[in-house]
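Go ahead and model the full structure; you've got the sequences and the hints to work with.
2 protein chains.
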Amino acid sequence: MTDESRIWTAALVVVGDEILSGRTQDKNIAQIATWLGVQGIRLREVRVVPDDMDAIIEAVNALRQRNDYLFTTGGIGPTHDDITVDAVAAALGVDVVIHPKARAILEAYYAPRGGLNEARLRMARVPDGADLIENRVSGAPGIRIGNVFLMAGVPAITAQMLDGLTGQLEGGLPLLSATVGCWVAESEIADLLRETEKAFEGCQIGSYPFFREGRTGANFVIRSVSAETLGAVAKALEDGLVALGRTPVAGGI
Amino acid sequence: MTDESRIWTAALVVVGDEILSGRTQDKNIAQIATWLGVQGIRLREVRVVPDDMDAIIEAVNALRQRNDYLFTTGGIGPTHDDITVDAVAAALGVDVVIHPKARAILEAYYAPRGGLNEARLRMARVPDGADLIENRVSGAPGIRIGNVFLMAGVPAITAQMLDGLTGQLEGGLPLLSATVGCWVAESEIADLLRETEKAFEGCQIGSYPFFREGRTGANFVIRSVSAETLGAVAKALEDGLVALGRTPVAGGI
Numbered sequence: 005m006t007d008e009s010r011i012w013t014a015a016l017v018v019v020g021d022e023i024l025s026g027r028t029q030d031k032n033i034a035q036i037a038t039w040l041g042v043q044g045i046r047l048r049e050v051r052v053v054p055d056d057m058d059a060i061i062e063a064v065n066a067l068r069q070r071n072d073y074l075f076t077t078g079g080i081g082p083t084h085d086d087i088t089v090d091a092v093a094a095a096l097g098v099d100v101v102i103h104p105k106a107r108a109i110l111e112a113y114y115a116p117r118g119g120l121n122e123a124r125l126r127m128a129r130v131p132d133g134a135d136l137i138e139n140r141v142s143g144a145p146g147i148r149i150g151n152v153f154l155m156a157g158v159p160a161i162t163a164q165m166l167d168g169l170t171g172q173l174e175g176g177l178p179l180l181s182a183t184v185g186c187w188v189a190e191s192e193i194a195d196l197l198r199e200t201e202k203a204f205e206g207c208q209i210g211s212y213p214f215f216r217e218g219r220t221g222a223n224f225v226i227r228s229v230s231a232e233t234l235g236a237v238a239k240a241l242e243d244g245l246v247a248l249g250r251t252p253v254a255g256g257i
Numbered sequence: 005m006t007d008e009s010r011i012w013t014a015a016l017v018v019v020g021d022e023i024l025s026g027r028t029q030d031k032n033i034a035q036i037a038t039w040l041g042v043q044g045i046r047l048r049e050v051r052v053v054p055d056d057m058d059a060i061i062e063a064v065n066a067l068r069q070r071n072d073y074l075f076t077t078g079g080i081g082p083t084h085d086d087i088t089v090d091a092v093a094a095a096l097g098v099d100v101v102i103h104p105k106a107r108a109i110l111e112a113y114y115a116p117r118g119g120l121n122e123a124r125l126r127m128a129r130v131p132d133g134a135d136l137i138e139n140r141v142s143g144a145p146g147i148r149i150g151n152v153f154l155m156a157g158v159p160a161i162t163a164q165m166l167d168g169l170t171g172q173l174e175g176g177l178p179l180l181s182a183t184v185g186c187w188v189a190e191s192e193i194a195d196l197l198r199e200t201e202k203a204f205e206g207c208q209i210g211s212y213p214f215f216r217e218g219r220t221g222a223n224f225v226i227r228s229v230s231a232e233t234l235g236a237v238a239k240a241l242e243d244g245l246v247a248l249g250r251t252p253v254a255g256g257i
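Here the protein sequences come in this chain order: A and B. For the first sequence, the residue numbers in this note's numbering are 5 to 257. For the second sequence, the residue numbers in this note's numbering are 5 to 257.
What the hints contain is simulated information worked out from the structure, not anything from laboratory work. Don't take every hint at face value.
Any copy, or any two copies together, can satisfy a pair, since identical chains are not distinguished.
To be verified - Calculated cross-link-like contacts (lysine to aspartate or glutamate; reagent style EDC-like; alpha-carbon spacing at most 20 angstroms):
1) K202 <-> D56
2) K202 <-> E122
3) K31 <-> D243
4) K105 <-> E138
Because the structure is a prediction, the values reported are computed rather than measured.
Dropping the structure here:
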């Protein structure tokens with residue numbers, strides 16, 4: 005029997021000078037977070053680190069030990085700046101080896117594209133003991149070793165790898181969410197939010213203000229593993245807003 | 005005289021359940037990274053942590069000690085889930101106090117908007133000894149204490165706060181970049197990239213592949229503090245691509 009109260013957690017290490025320079029807007033955090041949520045796994049922490057061995061090793065070792073799963077994105081391609089496989093192997097204290105199935109996949113993929121060369125063969129390198137996560141876009145597979153999952157930096161390729169992993173990882177109850185929006189300054193209804201959260205066990209309410217069309221508004225995001233609690237909290241919040249003369253917008257603004 | 009070889013670094017702690025749930029696509033990392041680059045400061049590491057005291061305290065203490073500057077985004081608003089001020093104060097071992105000037109700013113801002121209430125007054129709370137970073141959008145100021153800068157979670161407000169800080173922080177030489185694009189699989193020219201990077205001291209070349217319109221291409225981003233080096237590396241890379249029968253695209257694809 006599953007322990008329904010067990011919370012499964014994951015962390016993510018984004019390897020990427022291009023994110024830290026501001027050149028590239030990261031899309032993998034939101035993509036992986038959303039996918040994990042559906043698997044019943046909570047993304048607990050993200051670190052963005054440069055393409056630097058020591059920085060990757062430190063982050064991998066800090067996070068893999070205190071989470072059920074650790075994902076990395078970036079740095080598994082064929083060029084000199086792709087060092088994630090080496091860093092993860094060093095973090096785990098294992099050698100880097102050529103994975104025979106990865107080599108076969110790459111040989112087949114590159115046969116009509118000029119054949120394997122030394123750079124392309126780099127993408128068959130894995131930490132010793134690793135399994136592959138296949139992807140249909142580019143041939144080059146992702147890598148799983150223990151609780152560490154190495155994914156691509158290109159979001160479309162990571163999407164394919166996540167697709168291949170769907171349903172494979174043990175998780176708990178998914179954290180459900182419901183949103184109530186309102187054209188109100190959050191500072192006018194802070195008491196209502198705090199008291200509503202307090203009145204229901206096992207729920208959290210996040211308040212996300214915005215400025216749009218010259219007006220102040222906010223979305224209140226309720227989270228709980230219980231659909232029943234979620235509905236009750238949303239109703240209490242909506243009733244509370246109406247009692248204050250405000251108009252709640254179910255689903256958010 | 006400035007030591008031109010000194011590299012100034014910053015780290016960023018993004019406080020946000022909404023980023024970790026996948027609900028919100030973060031925009032502050034790219035915004036702050038770009039702004040720091042212009043100030044001659046390199047963003048060295050980012051951590052995204054939940055709205056949780058212990059998690060924020062751990063990240064703040066780890067990163068403020070090994071970087072010249074530490075920024076945080078999120079959690080400085082008026083609601084119950086805004087705990088960044090308390091966490092930073094705890095990390096620094098100081099009390100939380102009401103900043104008189106912040107209080108005055110909020111009083112003036114909210115005078116025509118229903119006046120100060122307890123929730124709004126929360127936004128005048130600062131770690132003892134802090135200075136304010138003003139913003140013209142919402143009244144509520146950002147906070148500076150020592151080398152730690154507390155910014156808003158809403159990107160438009162953080163943009164205002166960064167504007168107020170422009171030119172205030174000591175930095176080094178900005179890291180310049182130039183991009184060369186090419187419709188080529190990066191795995192076909194990995195040797196050229198590695199050898200070009202090796203041939204020029206003080207430059208890095210990042211390779212960023214993409215799939216677009218059914219074709220494989222990549223952008224090669226060259227970084228250096230020297231405009232002269234940058235130009236020489238770009239030329240060497242372009243010449244190398246031409247020698248391999250490829251067509252470089254200056255500025256990237």
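Verification of the supplied hints:
For the homomeric pair K202 and D56, the shortest alpha-carbon distance between copies (16 angstroms) is at most 20 angstroms, but the shortest distance inside one copy (44 angstroms) is not. In the homo-oligomer, the alpha carbons of K202 and E122 lie at most 20 angstroms apart only across protomers (18 angstroms), although the nearest pairing inside one protomer, at 60 angstroms, exceeds that limit. Neither within a single protomer nor between protomers do K31 and D243 lie at most 20 angstroms apart by alpha-carbon distance, with minima of 37 angstroms and 33 angstroms respectively. Proximity of K105 to E138 under the C-alpha cut-off of 20 angstroms is restricted to the intra-copy arrangement: shortest distance 10 angstroms within a copy versus 58 angstroms between copies.
Hint check: a violation occurs at hint 3 only; the rest are consistent with the structure.
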